[in-house]
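There are 2 protein chains.
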Amino acid sequence: MAISTRTTIEEIAQEAGVSIATVSRIINRKGNTREETRKKVLDAMERLDYSLNAQRLLSHAGSNTILVCLPDFRNPYNGVIIDGVQAAALRRSYHVLLMQAGDIYTTFDDYESLLKNNTMAGLLLIQQTSAQVLEELALRCPVVMCSEVCEEARVSYVTIDNYASARTATQYLLSIGRRRIAFLNSLLRNNYARQREAGFLDTLEGAGLVCPAEWMAHLSEVSFDLALAAATHMLSDPDHRPEAFFAVSDVYAAAVIKAAKKLGLRVPQDVAVIGFDNIDISLMTDPAITTIQQPSYQMGYQACSLLLDKMENPAMPVKHVLLDTELIVRSSTL
Amino acid sequence: MAISTRTTIEEIAQEAGVSIATVSRIINRKGNTREETRKKVLDAMERLDYSLNAQRLLSHAGSNTILVCLPDFRNPYNGVIIDGVQAAALRRSYHVLLMQAGDIYTTFDDYESLLKNNTMAGLLLIQQTSAQVLEELALRCPVVMCSEVCEEARVSYVTIDNYASARTATQYLLSIGRRRIAFLNSLLRNNYARQREAGFLDTLEGAGLVCPAEWMAHLSEVSFDLALAAATHMLSDPDHRPEAFFAVSDVYAAAVIKAAKKLGLRVPQDVAVIGFDNIDISLMTDPAITTIQQPSYQMGYQACSLLLDKMENPAMPVKHVLLDTELIVRSSTL
Numbered sequence: 001m002a003i004s005t006r007t008t009i010e011e012i013a014q015e016a017g018v019s020i021a022t023v024s025r026i027i028n029r030k031g032n033t034r035e036e037t038r039k040k041v042l043d044a045m046e047r048l049d050y051s052l053n054a055q056r057l058l059s060h061a062g063s064n065t066i067l068v069c070l071p072d073f074r075n076p077y078n079g080v081i082i083d084g085v086q087a088a089a090l091r092r093s094y095h096v097l098l099m100q101a102g103d104i105y106t107t108f109d110d111y112e113s114l115l116k117n118n119t120m121a122g123l124l125l126i127q128q129t130s131a132q133v134l135e136e137l138a139l140r141c142p143v144v145m146c147s148e149v150c151e152e153a154r155v156s157y158v159t160i161d162n163y164a165s166a167r168t169a170t171q172y173l174l175s176i177g178r179r180r181i182a183f184l185n186s187l188l189r190n191n192y193a194r195q196r197e198a199g200f201l202d203t204l205e206g207a208g209l210v211c212p213a214e215w216m217a218h219l220s221e222v223s224f225d226l227a228l229a230a231a232t233h234m235l236s237d238p239d240h241r242p243e244a245f246f247a248v249s250d251v252y253a254a255a256v257i258k259a260a261k262k263l264g265l266r267v268p269q270d271v272a273v274i275g276f277d278n279i280d281i282s283l284m285t286d287p288a289i290t291t292i293q294q295p296s297y298q299m300g301y302q303a304c305s306l307l308l309d310k311m312e313n314p315a316m317p318v319k320h321v322l323l324d325t326e327l328i329v330r331s332s333t334l
Numbered sequence: 001m002a003i004s005t006r007t008t009i010e011e012i013a014q015e016a017g018v019s020i021a022t023v024s025r026i027i028n029r030k031g032n033t034r035e036e037t038r039k040k041v042l043d044a045m046e047r048l049d050y051s052l053n054a055q056r057l058l059s060h061a062g063s064n065t066i067l068v069c070l071p072d073f074r075n076p077y078n079g080v081i082i083d084g085v086q087a088a089a090l091r092r093s094y095h096v097l098l099m100q101a102g103d104i105y106t107t108f109d110d111y112e113s114l115l116k117n118n119t120m121a122g123l124l125l126i127q128q129t130s131a132q133v134l135e136e137l138a139l140r141c142p143v144v145m146c147s148e149v150c151e152e153a154r155v156s157y158v159t160i161d162n163y164a165s166a167r168t169a170t171q172y173l174l175s176i177g178r179r180r181i182a183f184l185n186s187l188l189r190n191n192y193a194r195q196r197e198a199g200f201l202d203t204l205e206g207a208g209l210v211c212p213a214e215w216m217a218h219l220s221e222v223s224f225d226l227a228l229a230a231a232t233h234m235l236s237d238p239d240h241r242p243e244a245f246f247a248v249s250d251v252y253a254a255a256v257i258k259a260a261k262k263l264g265l266r267v268p269q270d271v272a273v274i275g276f277d278n279i280d281i282s283l284m285t286d287p288a289i290t291t292i293q294q295p296s297y298q299m300g301y302q303a304c305s306l307l308l309d310k311m312e313n314p315a316m317p318v319k320h321v322l323l324d325t326e327l328i329v330r331s332s333t334l
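Just so you know, the protein sequences line up as chains A and B, in that order.
Residues 1 to 334 in our numbering are what the first sequence spells out, letter by letter.
Residues 1 to 334 in our numbering are what the second sequence spells out, letter by letter.
Hints in this document: simulated from the structure, not taken from any laboratory.
Treat the numbers as computed from the prediction; the structure is a model and nothing was measured.
It is possible that some hints are incorrect.
You can't tell identical chains apart in this list, so a pair holds if it fits in one copy or across any two.
[Unchecked claim] List time: in silico EDC-like cross-link candidates among lysine to aspartate or glutamate, alpha-carbon distance up to 20 Å: (1) K319 with D286; (2) K261 with D239; (3) K39 with D110; (4) K261 with D286; (5) K39 with D72; (6) K319 with E46; (7) K116 with D237; (8) K262 with D286; (9) K319 with D43; (10) K39 with E221.
Build the full structure now, drawing on both the sequences and the hints.
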């Protein structure tokens with residue numbers, strides 16, 4: 001399909017019912033446009049399958065390097081995803097570069113300054129990113145999300161069903177007779193944190209239960225220390241103490257076990273704990289951690305494959321892939 | 001100092017007592033040169049402070065991105081170093097890109113294909129790399145090593161005294177009365193593994209002891225599973241069983257604790273364990289792990305600062321920085 005950029009911009013303008021200047025402004029990020037107009041133009045682009053390299057200012061034809069952005073290299077969960085990404089890239093002779101985006105890269109401009117000076121053929125985001133930044137990036141460079149996703153953006157992703165997995169975890173704690181359940185979560189700006197919290201609270205509600213505010217924590221990073229402080233605080237009042245924890249990371253679950261033992265409580269008799277991820281840490285603690293296994297390696301592998309497909313075939317439609325999780329019962333709840 | 005490339009090559013040839021063609025061959029990696037001649041030329045380059053950007057084919061003046069190469073994102077030890085690197089780079093407005101070099105990038109050509117297509121201003125290696133590859137890279141791009149180093153190459157680094165730290169760990173196990181000490185090490189292609197093994201064996205020898213071959217393991221990656229298998233095997237014979245382990249990673253030490261418990265052995269009464277690194281994992285196990293604390297964050301911060309200094313002042317001489325470690329005694333040996 002050999003369409004010149006000019007023709008395409010005209011087509012988009014016609015399809016969206018706006019001027020060529022408006023389309024150009026949106027593509028080139030010059031001046032302000034009303035959100036409504038912006039959406040109209042993006043919708044038109046999508047209908048017209050507007051994904052030509054001509055406008056991909058930040059991607060470099062002929063480059064064989066992809067960039068992976070993630071929040072944090074300290075969280076061992078990410079290491080397994082990266083192994084999957086690396087394997088898929090290697091199979092098709094691509095280089096993988098990575099970046100700890102964290103709180104440093106949050107706007108389109110942050111990414112642009114980096115991407116302009118480096119020849120990246122595509123972007124894989126394992127990182128919470130706003131719909132607007134994602135769509136700006138996706139106009140200029142093939143983008144796929146992995147693990148952490150943004151439902152509102154027109155971007156392909158591979159992840160798990162976080163809501164259903166959190167329901168499974170919570171139902172399991174209810175099934176072993178626990179009612180007073182605390183929740184160690186990450187910040188709600190993360191889609192996975194919002195989904196898991198909804199799954200947790202809905203399941204409690206279905207059983208006629210609530211989680212008091214003082215038993216819910218939203219930790220700013222996947223940190224053992226932060227989780228240890230939160231769990232210790234929640235377990236310190238003998239008159240008002242949770243009898244189980246649902247932790248959205250095995251790192252947090254390990255901290256609950258540590259906190260409980262320090263306070264002389266038995267796991268699981270006094271406090272049961274379920275984690276998330278099934279990283280090696282879940283086998284290092286004593287007792288070992290009951291957890292929701294994520295197919296992390298597969299997630300990385302499939303997301304990278306999807307990105308490479310998109311790079312080789314820009315017209316590929318947006319795909320959303322959900323991989324299965326599995327409840328693994330160990331001694332922290334038995 | 002405004003010297004043209006041509007003049008400099010002539011100067012090097014004169015200094016080394018070889019032809020201009022020979023110097024050019026070595027710089028451009030064309031044809032073969034005897035190792036002796038190569039060394040002569042490299043020595044001359046060093047004497048002449050040959051570090052002009054003119055020859056730095058792979059570095060890009062004006063780029064504000066550095067590349068960090070490490071073996072493995074699964075090892076949480078690396079995550080802390082990266083945080084330090086990131087902080088130093090951010091302070092001076094540099095981007096940090098990372099790469100899992102592992103066993104994929106082992107020759108100069110592997111790196112060259114990547115670096116040619118990306119505008120990196122400098123390279124930070126946390127990765128075992130041969131002296132030859134390092135010197136090839138250092139001719140073309142500022143290079144600093146961090147944590148894992150190569151003594152034979154003319155490259156700046158920031159690390160710890162691995163030999164002395166291993167002696168400290170071993171002496172401590174001897175001081176609590178343990179004689180039959182097993183050793184869980186990484187592959188000896190790593191400088192840190194060779195240094196720690198020498199420190200361990202020399203200290204045993206000083207006490208009139210040896211470590212039998214069947215109690216020494218060299219694991220191919222920092223993997224909990226591999227270490228668990230090795231430790232389980234070593235602990236399985238009741239008639240020939242170590243009473244202590246020195247593990248060169250807290251991940252390995254966590255595996256020793258797991259293996260011992262599975263076999264019904266008590267830690268530390270039956271088997272004492274000392275690890276290395278002082279990552280969070282050393283607090284997650286029960287008992288908590290006695291370990292050698294590495295100043296990982298500082299190491300990353302200082303190595304990155306050194307690289308940025310070198311980028312801004314190419315004439316900066318090679319520096320070797322050793323940071324202090326500390327023995328932290330916890331319940332796995334008490």
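Output the indices of the hints that this structure fails to meet, ascending.
Hints 1, 3, 5, 7, 10 contradicted; others consistent.
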